[in-house]
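**Q** Chain by chain, the residues:
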Amino acid sequence: MKHIIIISTLVLLFWQLPLKAQQEQDIEINGFVRNYTGVLTGSENEFSIIQNTFNLSFEKKNQSVGFKVNPYLYHYFDRELELGLREAYLDLRFDNLDLRIGKQQIIYGKADGVFITDVVSPKDLREFLLPDFEEIRMGVTAIKANYYFGNNTIEAVWVPLFTPTQMPGDASVWKPEMPYPVMPSFDYSTSEIIPRLENSELFLRFSSMAAKADFELVGGYFWADDPALHLTKQIDPVTMQLTGLTVRPDYHRLMMGGGSIGIPVGPIVLRSEGGYYSGKHFQTAVLTDPDATVEKDYLHYMIGVDYTLAGIKLSAQFIQENILNYEEGILNDQLENTMTFLAKKDFLRERLWIELFAYTGLKHWDALIRPKISWLFADGFDIQVGANIFTGNEGRFGQYHDNTMVYSKIKYSF
Amino acid sequence: MTKSKRTYKIFSWGILLVVTAITVLFIQTLRQNARMETNLDEYMPKTHPAFVYSDQAEEWFNIKDGILIAIENKKGIYNAETLKKIKEITLGLMDFPEFEANDVMSLYTADNIVGTEDGMDVRAFYKSIPATSEEFREIQAGVQTNDMVSGRMVSEDETVALIVAGMESGAFTTEFYHQIVDFAKQFETGDETLYIAGRPIVEGTMAQLGPADMKRMVPIVLLVIGLVLYLLLRSFRATAATLFSVFVSTIWAFGLMALLKIPIYSVSTMIPVMLIAIGVAYGIYYYNHLNRYFLEHKGATTINAAKYAIHILFVPLSMAAFTTIIGFISLLSSQVYPIKYFGIFTAAGIFSAYLLALVLLPALVIVFGYKPRGKKPDVKAIGHGRAFRFFSNKLLLNRRWVYGIVAFLLIFSVVGIQKVWINSSFLDNFEENSEIAMTDQFVNSKFGGTSTLNVILESRETEAFKQPENLIIMDEMQAETEKLAQVGNSFSLADYLKRMNKVMHADSEKFYTLPENKEMVAQYLLLYEMSGDPENLLKVINYDYNRTNITFQLKGDDSKTIKEALSVIMGFEKRLEQQGISINFAGSGYKSLVFTSLILEGQIFSIAISLGMVLLLLTLMFRSLKAGLIGSVPILITAVLSFGVMGILDIPLSTTTALLSSIAIGIGIDYAIHFLQYYRLNLANSRLKVTAIYKTMNQTGKAILFNAIVVISGFLVLTFSVFPPNRKLGALVSMNMFTSLLGTLTVMMILVFSFNVFVKKKSIKKKSKKMKTTQFFLLAITTLLMTTTQVNAQQTGHQIMQKVYSIPSGEDTEGNLTMTLTNNRGEQRIRTLKQYIKDDGQTEKRIMFFTAPADVRNTAFMNWSYSDGRSDDQWIYLPALKRTRRIASDGKNDSFMGSDFTYDDLGDRHPDQDKHQLLREETIGERECFVIESTPKEEDYIYSKTLTWVMKDNFIGLKREFYDDRGKLLKVLHIKAFDKIDGFWTILETEMYNVQKEHRTNMKFTEVQKNKGISDSKFTERSMTIGY
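As given, the protein sequences belong to chains X and W, one line each in that order. The first sequence begins at 563 in the numbering used here and counts up by one. The second sequence begins at 4 in the numbering used here and counts up by one.
I should point out that these hints are in silico values taken from the structure, not numbers from a laboratory. Incorrect hints may have been included.
To be verified - Subject to a maximum C-alpha distance of 27 Å in a straight line, what follows is the list of computed BS3-like cross-link-like pairs (lysine-lysine):
{"id": "1", "chain 1": "W", "residue 1": "Lys130", "chain 2": "W", "residue 2": "Lys87"}
{"id": "2", "chain 1": "X", "residue 1": "Lys774", "chain 2": "W", "residue 2": "Lys885"}
{"id": "3", "chain 1": "X", "residue 1": "Lys623", "chain 2": "W", "residue 2": "Lys885"}
{"id": "4", "chain 1": "X", "residue 1": "Lys875", "chain 2": "W", "residue 2": "Lys1000"}
{"id": "5", "chain 1": "X", "residue 1": "Lys622", "chain 2": "W", "residue 2": "Lys87"}
{"id": "6", "chain 1": "W", "residue 1": "Lys130", "chain 2": "X", "residue 2": "Lys623"}
{"id": "7", "chain 1": "X", "residue 1": "Lys973", "chain 2": "W", "residue 2": "Lys837"}
{"id": "8", "chain 1": "X", "residue 1": "Lys623", "chain 2": "W", "residue 2": "Lys1000"}
Said to hold, decoys possible - Here are some, though not all, of the chain X residues that point toward chain W, as calculated from beta-carbon distances under 10 Å:
{"id": "9", "residue": "Arg699"}
{"id": "10", "residue": "Met700"}
{"id": "11", "residue": "Gly824"}
To be verified - Computed footprint of chain W on chain X, listed as stretches where at least three residues anywhere in the stretch have a Cβ under 8 Å from a Cβ of chain W:
{"id": "12", "segment": "717–730"}
{"id": "13", "segment": "878–890"}
{"id": "14", "segment": "911–924"}
Note that beta-carbon positions come from the ideal geometry of N, C-alpha and C, so glycine has one too.
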């Protein structure tokens, strides 16, 4: 019933506001309607996804105030209708100061396809990394203040409400492998952050955009978006066999400092981004460790290069995750190296795009390869055909080797 | 009179007094100390091995240059009167203090080697004048059978006898010459005619005739220069002042020489030549600026005008003076002292001329006043510069022709240069019908030759030259060399021995050969020593018989003759070497050959240094290697052409002609610096290269032209000189001035223009960025300021494109752009965006917000481009990613948003990147247009050419055709609507049609606003994220 009301409201909005907007030349409405159909090629051509999306954005702005509301609706064949607000905020503008209050997406960093200092907006990983990034990033309710001077910006973000990463459900093909020998039981007693003032998150960013380079310095005091999984083992004292396992997900505070830079060197743009995390929790197999977790500092960085050759936009990134003060037994490797590649070219006067994007894990030589052809057959109309190919058997991408899929997307933007 | 005016006057009088005082002092010094150095030996570097050896050999064998007195009696010399005269002349010469008795040779003193019963005797041909015809016949027979005398002391036709008096070099003076002439004349009675010749006379006459002729000619030169100067400057005062400063600088240069007790060499006569050219130039530049000031400032005071002219002249004058000075100082590298001195004192003179131009000329103007030249009709024409403008246009339009002609002249010169030969001859400096030349010719026709070449053979073994095998080589060498037409005869120990061998064999011709063995040689020589005058033998062999002198008589002293003989002689080097004998040369002919090559080597070296220095200095002065290289072009052309013409006209290089190249450089640099300096100034003050060229041509070009006219007309006077070297000098200086003039005003001007000398990349970029918004098409909206310039029929394609390009646009622009892409099936895609542009002269910032289609809405694109040529910075904001990202800047040849426009088409192209040609004039609709063809200078440009239709009235491009790399029409651009917005011409609609793909892009600009004061904050991250 709730849904029906919401939908009818939206429909009304959709019908009425444009008229109104046109009359007043005031509220800008745009959005898209999309069908996304994916087939898993590994099994018996099972549909992995059939999704209809309706995304709407209402925006109004003038010199000093503005707002944006971006509701969305996902319709699946096998899931409940999903309705949400990606963003809904108010803007206040002053001479050198902007305030944005409400649900908003806040993006940091310069890396493509990886999240290093980009820690403000939590991620929706229910479809792994496959959706558009706009849809992976979830809005957070926050107050954001930007102060501008010259080509520099100082940004302060206060997030009173913690939003965790959305993980795939148990039935999802995207659910990560569980490294447990026995079926664990879950204890969710600590998996909720009570919305209290002292539980809020703070972020600070300084960014400068100048001729010679762009750079960004960021710092944050926040909750890790992914919970640490504390384990309690039940061992039979007679047989010394593991008889039970209790998993207690718990969110921990994190401190992060880092930055990113983009430098043009002739026709090349060099990009780099790095973050230093203090007090990140990792799982360990060492029995003596209580809860099987250990707290370590962690360094995550990327070096990348963009170059255009014969009209093909090329980009490569090297990403390293480094657990400092590493101890034996930690389930993650001390170093995890990943590379990404992008090649993209347009044809037919920017009406046809061919793109290839790939992640490669350098440890297991696993990869996610994402070829894509996109055809804008009329203004606003985009038809995409692509594939997400997983190779390897283990590792971040290899674990999904059964999930290789082909898909099509038909999208109309208005 | 105001106080400051009075101060200036007093100060100027002071300057005048000081200058006059210094000049008087120098004149005084000149009177006391000036000394002409006519002895050519003094010119030679004393330490050079060839000279050291030659001097030594001259001492060993008493080798001296001889004064030749030929006595001719057409009836034959064997009569009492003639023989008496020979005797008297011989004895008379011996009495001259300049000669030693032993050095005078004639039939009277000659050795007559004859056989006797007990061997051989050396006698005189006669002591007292014979009385009987028998005795005459005896003498005659004796001479006839004696090869050592016949053809040497007495001509073979027996009509001429020679009296040779060897003299120390340097002893020659005019008085002595007159004494000799007077002495000889008294014997010119009856049937006898007397001729006086010989190298000392040639050398001495030349060393004096040159400067004497100069002394006579320079006043005429100055007079002519003064006259032409007056015609051009139209001011008596200016002419007098210029000539005065030339005079003063010359006096100072020579005064300084006298003060330092440096004698005046004949090369020094070139100093005033240089100083006249330079001094006149300085004067013309000064009065040219003075006049201009008066023309531009009606009622200006002379003090202000004088000050202004110095102010504007100071930099270029200093540059020119110091470069020229350094060019001359490079002559210090010469091994020859007179040349070194020439360099130093010419430099000193130029420095004086420079100081005088800065100090004396303004002082003279202030003290004596100056009446600005009235506008005479001819002056008016030049004053308005139509002639120069026309000239410049013609040249710029036909630059290929100019390059072609220069290339041709250079090739022609290179061919000529290969023919250039060095001549050390003194005789060649005289006219063919001059007495000296004719005497020489006469003597040469009767005898072996008036010039000598001494070959010195040396062995380590004593008595080596008693060995017949060595003597045979000598004899063969003599015989071989004598085969040369220019070699008369030769004389050596072998001749003595042959003569003695013959005499000892009853005068049988069969025995006119070398003795067969060493013993015989030794015996003959012993006999000779006992009977004859052993001193004579010492002229051919030393006591140890291991060093011998072979004398060749040459019929010319020119380098060709000497070199020919040398090469035959050197052919025997190997054989002599095998015998342990070394070969060397001596004598004045040889020395002057070596000397000349030394001078030329030094000269070529010094030209190379000068050119290098000029290049370096120009580069440093103008802080541009390009300016340095281009500034050196006229100099190089002048030097090359000068040598080329010398080769073609068979003018050999000599000490004077070689020095001309220094003058060419000195003058060339002067022209180049003045031109470049004023062009730089003018360019800084005008937006257009072509305007700067016109202005420079009109001002500096005129001054250079005047200067050349004056100096050329002055030096042309020298071509009427009686002294041939001075005639050549006059002609070559005139030619060099003319070449420098043409080189500067044609080739250099074109190069300066074409290679964008002084056009800073910054300013190109700056304008190009402005143009990006203007030219045709722009994303941006073009605002074109109406130019009212009347279109001159002479405008070149380049000038027109410059104008199109140079039209300024507003500081900032905002507006909406609707871009409609239509394919060959008529399907349309529409893209709209809002755009803001701001250009502060250094950076052009542009931000574009896409408004349609929906999928790109709110995408923002920002571009910063820089006037200093750095590559653009670009950022993109994708609303989906919510982040501003730096992107690699797009290639210029990439399509702009999938349209038919490339980024390059949007206007970022400086006219200098293409060659433009005005093809025709055409009317589109009712609009009259120029049609310009532009071909890119770079090879890999996307278009092989473009044709542009430029409206005549406002210089907006109305249409453009783009041709692909195969030369086929690719795209056509039309301006469909334009209007004046906020005071600027603005293009409102334009369409690009791709003919080959049948695809078109229409751009419409709406809500255009200009100069609304867009804030810098529009071009920041904030703006990109928030949107327009």
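**Q** Now tell me, hint by hint, if it's right for this structure.
**A** Going down the list of hints, with the structure as the test:
1. Lys130(W) x Lys87(W): 10 Å, holds
2. Lys774(X) x Lys885(W): Holds - the C-alpha atoms of Lys885(W) and Lys774(X) are around 22 Å apart, at most 27 Å.
3. Lys623(X) x Lys885(W): 17 Å, holds
4. Lys875(X) x Lys1000(W): 25 Å, holds
5. Lys622(X) x Lys87(W): 135 Å, violated
6. Lys130(W) x Lys623(X): Measuring from Cα to Cα gives roughly 136 Å; hence the hint is violated.
7. Lys973(X) x Lys837(W): 25 Å, holds
8. Lys623(X) x Lys1000(W): Distance ~42 Å between Lys623(X) and Lys1000(W) Cα, so the pair is violated.
9. Arg699: 8 Å, holds
10. Met700: 12 Å, violated
11. Gly824: 4 Å, holds
12. 717–730: violated (count 0)
13. 878–890: Three-residue rule not met by the segment 878–890 of chain X, so violated; n is 0.
14. 911–924: Coverage by chain W holds here, the residue count being 3 at a Cβ distance below 8 Å.
Of the numbered hints stated above, those contradicted by the structure are hints 5, 6, 8, 10, 12 and 13, listed in ascending order.
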